[in-house]
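Novice: Protein chains in written order, with the numbering used here: chain G, 6 to 263; chain Y, -15 to 297.
Some clues are possibly wrong.
To list a few chain G residues with every Cβ distance to chain Y over 12 angstroms, as calculated [stated by the list, open to error]:
hint, residue
1, Met16
2, Ala32
3, Asp35
4, Asp45
5, Leu98
6, Arg134
7, Leu176
8, Leu188
9, Pro244
Distance ranges between label pairs, derived from CB positions [what the hints assert, rightly or not]:
hint, chain 1, residue 1, chain 2, residue 2, range
10, Y, Leu57, G, Ala170, 51 to 57 angstroms
11, G, Val107, Y, Leu57, 44 to 50 angstroms
12, Y, Pro80, G, Thr162, 49 to 55 angstroms
No lab work stands behind these hints: they were computed from the structure.
Note that the coordinates shown come from a computational prediction; the quantities given were computed from them, not determined experimentally.
Ideal Cβ placement from N, Cα and C applies to all residues, glycine included.
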Amino acid sequence: MKHPARWIGGMIIASCVIVAVAAPVLAPDDPYRSGIAMLDLSSRAHWFGTDDLGRDVLSRVIYGARASLAIGLGAALTATLIGVPIGLLAGTLRGRVDAALVALIDLFIALPGLVLALIITAMIGANLRNLVLTLGFVMWPAIARLVRGQALALRETLFVEAARATGGTRLSIIRRHIWPGVLPVVAAQFATSVSFAIFTSASLSFLGLGIPPPEADWGGMVRQGFDYLAINPLLSLAPGAGVSLTVLGFYLIGTTIK
Amino acid sequence: MLRLIARRVVLMVPTALVVSALLFFGVTQLLGSPASMMLGQDASPQAIAALNAQYGFDRPAVTQYLHWLGGALTGDLGRSYATQVPVATAIAAAIPVTAELTLWAIALATVAAIFFGTLPAAPRVVRPLVTVASLIGITVPNFMLGISLIFVLSVQTNLLPSTGWVPWSAGIGTHLAHMVMPVLTLSAYYFGAFSIVYRAEYQGVIQRMFIRVARARGLSEWRVTFRHAAPNAVLPVITFIGIAMGQLTGGAVVTETIFSMPGTGRLFVASIEAHDFPMMLAIGMLIVVGVVLMNLLADIAYAIVNPQIRHAA
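Construct all of the structure, not just a fragment, from the sequences and the given hints.
Specialist: As structure tokens, this is what we get:
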């Protein structure tokens, strides 16, 4: 156990993935079937109780892992696919292209992510696909900036200079010499992006502007349970803990890779 | 120094213009005709046309933008579609709430991060606690923290009022009592972030020669750390505060929603829900200008605090 934080992070992510994949097996009940037993407290039949429509909260929390992981991974992938090429381009070409790209990156990076995501989802409508695209769009500048910085440092190294001197083309230098050096940074930032995307999409749902009901979605469940905090706090706190743990898991991985 | 500031201020103008144009066209074009949205799907074409004419939506987009920009520059941001109150009035009433919340939260986060990051006594006990606290601050979403606080401090123990906001005039005690949980909720993330930035810098500073000299002169450990090490480790935190303040002009959205505070963040969410374009645009612009302005202020503060830059310019 040389890196306890990495182990904890990895374990959290592994359990989250297992829960998401095996949701139909693990969930004691259909997460969308409402019943007449509304706002029941914790019992043997419903470990976390039931919500205001009589749905089993535990099952909904279990199924909620799916939406969170889908958005987190999808958005991080989108951001990586946009950010890495732009960062590589800016970092290796330099000059005017670099200046223009940096101006663009700086413009977006300064804006609060949640606010930008709020505005965009309001414009294009909230559903799984749009949220993935929106959050990917919000997160790409951070990735591009990191990749650019790394590429800038690498292109000044002796081995890149040697590759250039021996007649390496621009593309082959990027692929064989710069990309391997950039990869660890991208991997770390990917994990951090997943955690940010889950965090932000849950916040959007909590504000009522994320994944629309009746989808089992952690942020939306927290919001819905907030009204019944005095009756059954688990309605809010259980899905809230799900978000927090998943975000923590990816954050720990993101800060300990490198 | 002054030239540096002047150049930065001049550069702010094109940024603000570009973003305002993006916002305006984004909001008005992508969201579709505001009139059909306001009147609902079953509205007759005549009613939509009438409303379009009334608000000027039938004019070309560029004309609309210039009209809006002209108004905005003279302080006229239009009227809210939802409440018919002038947008400027509504925002002016909301800004003090958000500003106060933000300032308390940043102040608390900064002081706590520096204090706990510097604290020389019993580091073995304090250090892991601070690390866990900053991790919680960074990874637990605002809404989860806020609701947990409400559950523990008002539902379970009834120590604090759960939600709502009261002005200063209702009594300083009641006002502050309503502020405690929102401030804690909002500052948690920044406490975590500042702690990490500060700690990294502090570790470097404490290795430096002048710290050894201070110790060798026989100064107390408290004096060495707080008088000599801390001021030198605080610089990156200042830059970060600037970024944080900018983000917070809109980042208080979740906190204000949980605690039902009448600030700009909640106004923004309400305007999005109601498709209240003038309000959305104005608050969006406010956030952008706030972000740019705060970053500038942070750079100036950095230059003032850092003698290397102060004397070079």
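Novice: Each hint should be assessed against the structure and marked as holding or not.
Specialist: Structure-based check of all given hints:
no.	hint	in the structure
1	Met16	15 angstroms, holds
2	Ala32	22 angstroms, holds
3	Asp35	26 angstroms, holds
4	Asp45	19 angstroms, holds
5	Leu98	23 angstroms, holds
6	Arg134	16 angstroms, holds
7	Leu176	33 angstroms, holds
8	Leu188	24 angstroms, holds
9	Pro244	9 angstroms, violated
10	Y:Leu57 <-> G:Ala170: 51 to 57 angstroms	56 angstroms, holds
11	G:Val107 <-> Y:Leu57: 44 to 50 angstroms	29 angstroms, violated
12	Y:Pro80 <-> G:Thr162: 49 to 55 angstroms	53 angstroms, holds
Hint violations for this structure: numbers 9 and 11, all remaining hints satisfied.
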